[in-house]
Amino acid sequence: MSKLIIDSISKHYRNHTALNDVSFNVNSQRIFGLLGPNGAGKTTMIRIINQITAADKGSVSIDGELLNNKHIENIGYLPEERGLYKKMKVGEQAIYLAQLKGLSRAEAIKRLKYWFDKFELSGWWDKKVEELSKGMAQKVQFITTVLHEPELLILDEPFSGFDPINTNLIKKEILELRDKGTTVILSTHNMNSVEEICDDIVLINNAKIVLEGEVSKLKDQFKPNQYELAFRGNMIGFTNAMWTDYELVETFKHNDITRANIKLLNNKTLNDLLRIALDHIEVIEAKEVIPSMNDIFISVVEQKSEITELISK
Amino acid sequence: MNKILLIIKREYLTRVKKKSFLIMTLLGPILIAGFLSLAIYLGMSDSSIQNVVVVDQAKLVTKSFKNSDHVKFFYTNEFLSDSAFGESPYNLMLIVNEYIVENNKAHLYYKKYPSVNVQSYISNQLDNSLEQIKLNMHDIDNDIYAEIRTAVTLGIFDYKDQEQESRKVELAGVGFFFAIVIYMFILLYAVQVMRGVMEEKTNRIIEVLVSSVRPFQLMMGKIFGIAMVGLTQFLLWIVLTASLMAVFQSIIFTDPLAGEIIAQQQISPELQKSLISPEQSQAAEILDLIDRINFPLMIGMFLFYFLGGFLLYSALFAAVGAAVDSEADTQQFVIPLTIPLVFGFIIGEFAVINPEGSSSMWFSIFPFTSPVVMMIRLANGFTPDTVWQLYLSIVLLILGFIFTTWIAAKIYKIGILMHGKKVGYKELWKWLRYGS
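Residue numbers (our numbering), protein chains in the order written: chain A, 1 to 313; chain B, 1 to 436.
Honestly, I wouldn't trust all of these hints.
[What the hints assert, rightly or not] For lysine-lysine, the following DSSO-like pairs were computed, each having C-alpha atoms within a straight-line distance of at most 27 angstroms:
| # | chain 1 | residue 1 | chain 2 | residue 2 |
| --- | --- | --- | --- | --- |
| 1 | A | 89 | B | 410 |
| 2 | B | 134 | A | 89 |
| 3 | B | 63 | B | 9 |
| 4 | A | 113 | B | 9 |
| 5 | A | 57 | B | 18 |
| 6 | B | 410 | A | 70 |
| 7 | A | 87 | B | 134 |
| 8 | A | 87 | B | 9 |
| 9 | A | 128 | B | 410 |
| 10 | A | 57 | A | 87 |
| 11 | A | 128 | B | 18 |
| 12 | B | 18 | A | 86 |
| 13 | A | 219 | A | 268 |
| 14 | A | 253 | A | 263 |
| 15 | A | 128 | B | 17 |
Hint data in this document are derived by calculation from the structure and do not stem from the laboratory. Keep in mind the model is a prediction, meaning the values are calculated, not measured.
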């Protein structure tokens, strides 16, 4: 079921178009990657969902209901550029932000105690924010984002500024939150984390959606039909035998083992390839080349910009 | 609404709990009362005893001067050279020559410049002596002279209200005190609003905040929270300053010379007896002034004009804070905002001299200057003929701050999320139009 429906959203600024007729759905209890190069319109989209900016056209619905003031308390938002009041005490500030999201003071304190214990911040309750390290401040920000147990969590570059240990901690929390029922929108440039935790993605470029779908299906869809073969033996005989049914994309040689990236043409299968190979070389390993999200991102964005360049010429 | 209260509470408590607030609240009155008392004390009195040698070669005034606790006279008929005076134990040398009766001029030489009190005491002694000499010269009886000597007191009355004398200038002076307080507080606290907005913007906490509350709520919460800080500090200052002044007065102003001077400045001793003492009449005058001011109205209106003026200006200051990225960029916007306020203050000074002038009337109605100028007029009160000016001023101030808040909200909404762009007036104008 769709938690969030974005329907034909457009947003124009004086000199440029941030979003041009963008539509997508975010399914409940999924981690949804909102991807795109810098300036693609991601932040504008996030601000529209958070009711910070209004769209020129289109609508946003949460649980089938048009976006309204009531939804503020159901959304948790961690912006990319984030900060806290430096001179305020950590605990007081966390309580204040929780109260702004509709929690009572007592409830906020109760929940904060739990989270502060969990993130090993308890000793910092009465310290001023300016005394915290960057990582600790980030943890506090994460806590204040999730404290009111929002049904929809919007995280903009949540891992920036974290060391690998804390990045893992936050990833674990995000997955846990999803499993407990939270829908998460994750905007990031970090494609590794997309691969690790996102269920679905939408890729925005130049104010439009250029790619969308389930991460596993997209990876399948973008498979280049290539196999990596590791072998010992004479390469020349083997390449001659491949003839026009296969394309040798690249090879690396390390000690006496060669690794070759081979693209299958003319409906050939891995079995066909192996049959030829076995006559000429000693095969050690064969595996399909699976594209990373990084590869997909780059290829889609570059392909699109090439097309745009062509059109503009 | 609940969220605005939360914001007000935070803005108020974080500021009131700051050490700097406590220090300023305690130190402010001590500094004000201390400096004020010190200035008055230093200006009026000189605790050391002044020995004055009177060089009276013509033997005109010999021995006719009265010594006081602080001024002692010694007489010589011989010429005293500069070096002899320099080495002598005398502090001052008064030269009285034979022409003094004609030209009314004497010279006082000093080693250390004497206080105004000492100067006027000596000059008073000379006046009295010379008067006596001249009376004797013309063979005029002292009693007759006392009767002839005249000092007219001009009583000023409104022909429609002849019951009591008008004291508009004095009353305007009292109003001016309130005007200074309003001027100072608006400037001080509007700048705090601007800083607060800039803090949230540069901190980048703003984006989290505006995902929870509307920018308008945030702005109004900040403005009202800081207004309450201002009122708190003002009330504490009043209480503290009043009690400190009372303490200072009881310690310092027991200087006997000050009383003597006042007693002798106005009229000769002979005349004095027939009147009540000037101190008494001064005290009566102050009581009369206090009695004439409608304090409930004055304080009620003070609160209204303080809040109104503060809302009007601080909304604009909030907009400036939202538009800029750093303190350095605020100058170009802040100066034009403070000009009307400073202008109101200058008009206020004229309004004290001429409380019913047309400039004080118009500028007490114009919202950008009324918070300062109206205070001066309020001290004098309004008649049924002129009270419409007060009502108009109140209505315009309310409309004024609604207008500035409306403008500010538009700039604020866009500005707080705009980073890394140097904003000028042209840009602000675009934001205003974009918002509408």
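Hint check:
Proximity of residue 89 (chain A) to residue 410 (chain B) is assessed by CA-CA distance (about 31 angstroms); at most 27 angstroms being required, the pair is judged violated. A hinted pair counts as satisfied when its Cα atoms are at most 27 angstroms apart, and residue 134 (chain B) with residue 89 (chain A) does not qualify at roughly 81 angstroms. The hinted pair formed by residue 63 (chain B) and residue 9 (chain B) fails the criterion: a straight-line CA distance of about 73 angstroms is larger than 27 angstroms. Between residue 113 (chain A) and residue 9 (chain B) the alpha-carbon distance is near 23 angstroms, which keeps this suggested pair within the 27 angstroms criterion.
With a C-alpha separation of about 46 angstroms, the suggested pairing of residue 57 (chain A) with residue 18 (chain B) is violated against the 27 angstroms cut-off. This hinted pair checks out: residue 410 (chain B) and residue 70 (chain A) have alpha carbons roughly 23 angstroms apart, not beyond 27 angstroms. In summary, the hint linking residue 87 (chain A) to residue 134 (chain B) is not supported, as the alpha carbons are separated by about 77 angstroms, beyond the 27 angstroms threshold. Taking the CA atoms of residue 87 (chain A) and residue 9 (chain B), the gap is near 16 angstroms; set against the 27 angstroms cutoff, the hint holds.
Proximity of residue 128 (chain A) to residue 410 (chain B) is assessed by CA-CA distance (about 33 angstroms); at most 27 angstroms being required, the pair is judged violated. With a C-alpha separation of about 41 angstroms, the suggested pairing of residue 57 (chain A) with residue 87 (chain A) is violated against the 27 angstroms cut-off. Distance hint between residue 128 (chain A) and residue 18 (chain B) is fulfilled; the C-alpha atoms sit about 13 angstroms from each other, no more than 27 angstroms. Taken as a hint, the residue 18 (chain B) and residue 86 (chain A) pair is honoured in the structure, with Cα atoms around 13 angstroms apart against an allowance of 27 angstroms.
Proposed proximity of residue 219 (chain A) and residue 268 (chain A) is supported: the alpha carbons are some 21 angstroms apart, at most 27 angstroms. A threshold of 27 angstroms between alpha carbons decides the hint, and for residue 253 (chain A) with residue 263 (chain A) the separation of about 18 angstroms falls inside it, so the pair holds. For the proposed pair residue 128 (chain A) and residue 17 (chain B), the alpha carbon gap of about 14 angstroms is at most 27 angstroms, so the pair holds.
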